[in-house]
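2 protein chains.
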Amino acid sequence: MPQPLAFAIHAVDGKARTGTIIMRRGAIRTPAFMPVGTAATVKAMKPADVAAAGADIILGNTYHLMLRPTAERVARLGGLHRFMGWERPILTDSGGYQVMSLAELTSRSEEGVAFKSHLDGARHLLSPERSMEIQRLLGSDIAMAFDELVPTTSGRDAVAAAMERSMRWAQRSRDAFGRDEGDGALFGIQQGGLDEGLRRASADALTAIGFDGYAIGGLAVGEGQEAMFACLDVAPGQLPADRPRYLMGVGKPTDIVGAVERGVDMFDCVLPTRSGRTGQAFTHDGPLNIRNARHAEDQGPLDPDCPCPVCLTWSRAYLHHLVRAGEILGAMLMTEHNIWFYETLMADLRAAIADARLAAFANAFRARYGGSRTGEAA
Amino acid sequence: MPQPLAFAIHAVDGKARTGTIIMRRGAIRTPAFMPVGTAATVKAMKPADVAAAGADIILGNTYHLMLRPTAERVARLGGLHRFMGWERPILTDSGGYQVMSLAELTSRSEEGVAFKSHLDGARHLLSPERSMEIQRLLGSDIAMAFDELVPTTSGRDAVAAAMERSMRWAQRSRDAFGRDEGDGALFGIQQGGLDEGLRRASADALTAIGFDGYAIGGLAVGEGQEAMFACLDVAPGQLPADRPRYLMGVGKPTDIVGAVERGVDMFDCVLPTRSGRTGQAFTHDGPLNIRNARHAEDQGPLDPDCPCPVCLTWSRAYLHHLVRAGEILGAMLMTEHNIWFYETLMADLRAAIADARLAAFANAFRARYGGSRTGEAA
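Which chain is which? The protein sequence lines are A and B, in order.
As numbered in my numbering, the first sequence has no gaps in its residue numbers, which increase by one up to the final residue, 378.
As numbered in my numbering, the second sequence has no gaps in its residue numbers, which increase by one up to the final residue, 378.
Quick caveat, the hints were computed from the structure, so don't treat them as lab data.
Accuracy of the hints is not assured; some may be wrong.
Claimed, not checked - Distance ranges between label pairs, derived from CB positions:
hint, chain 1, residue 1, chain 2, residue 2, range
1, B, Q3, A, E297, 30 to 36 Å
2, B, R73, A, V270, 31 to 37 Å
3, A, S101, B, E104, 43 to 49 Å
4, A, D285, B, R274, 37 to 43 Å
5, B, N289, A, L119, 18 to 24 Å
6, B, E196, A, L119, 33 to 39 Å
This one's a predicted model, so the numbers in the text were calculated from it and none came from an experiment.
Glycine included, every Cβ here is placed at the ideal spot set by N, Cα and C.
Make a model of the complete structure from these sequences and hints.
The structure is reproduced here in structure tokens:
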């Protein structure tokens, strides 16, 4: 039985690794950043421009797609890749995180989660089995196990109970997920909050079940960078070294740099796209708000060290005008720049690891970006 | 003194002509459709995609740009072309039409029009001299004379008075407009409503002043296609045959076909861009609303005979999903298709004129599009 995913590690620098995930639909260079394509679109970008920015893989949201246009419709239309015109790998989340943050829950039990759609109030059920079915209907290349989340502020007992249920659901996800040739990969998700012992137990349970890759879940939900890094000092090492490690929902550029130093291989986050639509640009000198009056006659690019088409063509003054005027092109260009910034950062991190100079690169990046700031806009 | 504009007519078919307008920044193939770039952007499109669709020239709106970011700021930033990243010719309107349709007028006299901005209530003046100054600051390739408009429902005396004032303003525009080498072209605008005699007098006055091209103004303001065509049976022939004739603000595809048959060379209209943002697509089989449920699982393209990147890549089902979900990419792709549809129509018209088969082409286009329908959505 062929593996749906092969992971070749090319170089190691400290705890960091750079490598390639080989899949049927293409190769993913790691450390990798996955732009979020919530509703079958990376918002405000054409797929070809997402690829040109350097993205090898994007993320699709099971929760959004199951509600509209529905997984069954996407399947009838030939799957998510064909539907949206993106031929490279797609990772889908399980829906677990968003159903708990966006929907009105009507019941939550060992079986799964019943909820009302935030769009039209229609009733739906998500369970490990249904989540696997949806992700298979979408044609996902990397599916995620269905897990249960609790706030990081929950007590240890609640965190432990959710982790243990998530491990039972991980087994049900594994059992429900097809293993036929052509099926995609399945990743398990480590839970356990900020508790090292719970994280250890979760990692052991997942490893015993066996997955193609392992995610670190339950972080980047308000605990702050310091607490997240403390967890990441330990969590990646609890997971199998020969499989990709994916930190879900992270994050700010300095979060990513620090997580790569701690051994993480994959990331996703809405920050570059969402910030682009609200006028915030990421630059090597830190984030900036293009609406600020100081940019009104600035003929320079968003970031003088950015190789993206936006920085090569348009001035801050023009982007300031577009965003102030509420023009769609403003959202388009700011998003494109931000995705390039993130993907260029990943390329720089890969090169630094390959050259065994990650610490120097990371320190220089943080010093210029303002890495110690905690109150930065993004 | 070199002419800012040369017009070579390559072929004539009935009253229709096909040719090339040669300007410093590039050639404009006629009949030409100019996408509208209101606020220094063709809404939801990158300039390179506008050019790829076949547009040789775009239109910028003096009224919008004088308010935001202001003509003076655009000039300090190197002019409109550099500001927005469009290197080909730009035609600017005079501001006259939009100041009367969008702003709150505070006075209207022989001197000009005083008004309050619809954005912030600030007071401004537009006059022939100020309009010429603004268009020069923007770096316009083709500037338009400043004219006065009255509703088509106005009585003959009001129409005559506005036309006569517009002719005095045309002379003031001509006097105020630079004639130095490197300055752009200046077009006069024929007025006179639906009255053949007033149109004749207006054409004679403009020709006596002398312009690089001539526009037909005051149409497409609610009079209906039949009345517009009745006017166009006469108006183009009243203008110099060796200069480009520009029908302002027109129009639906069948309007354009009929106007080309009557001798018009240039067009602009917000329909393809505005319709794209509201989910309406132009096709050879007439307009369609992609939000309609019948498109939800339609795997075909918007228009099977359209060569645009959107029709080559994405299905109606995907566009239906994007537009229903309010995704920016929906506005982007629908706009791009519509601009391609308009520009492809112009290319087809040019080829038909060159081959002396315009009548057959126009009749076939109308028959398929549903040309006699008057209740069509756009």
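Hint by hint, which ones does this structure get wrong, listed from lowest number up?
6
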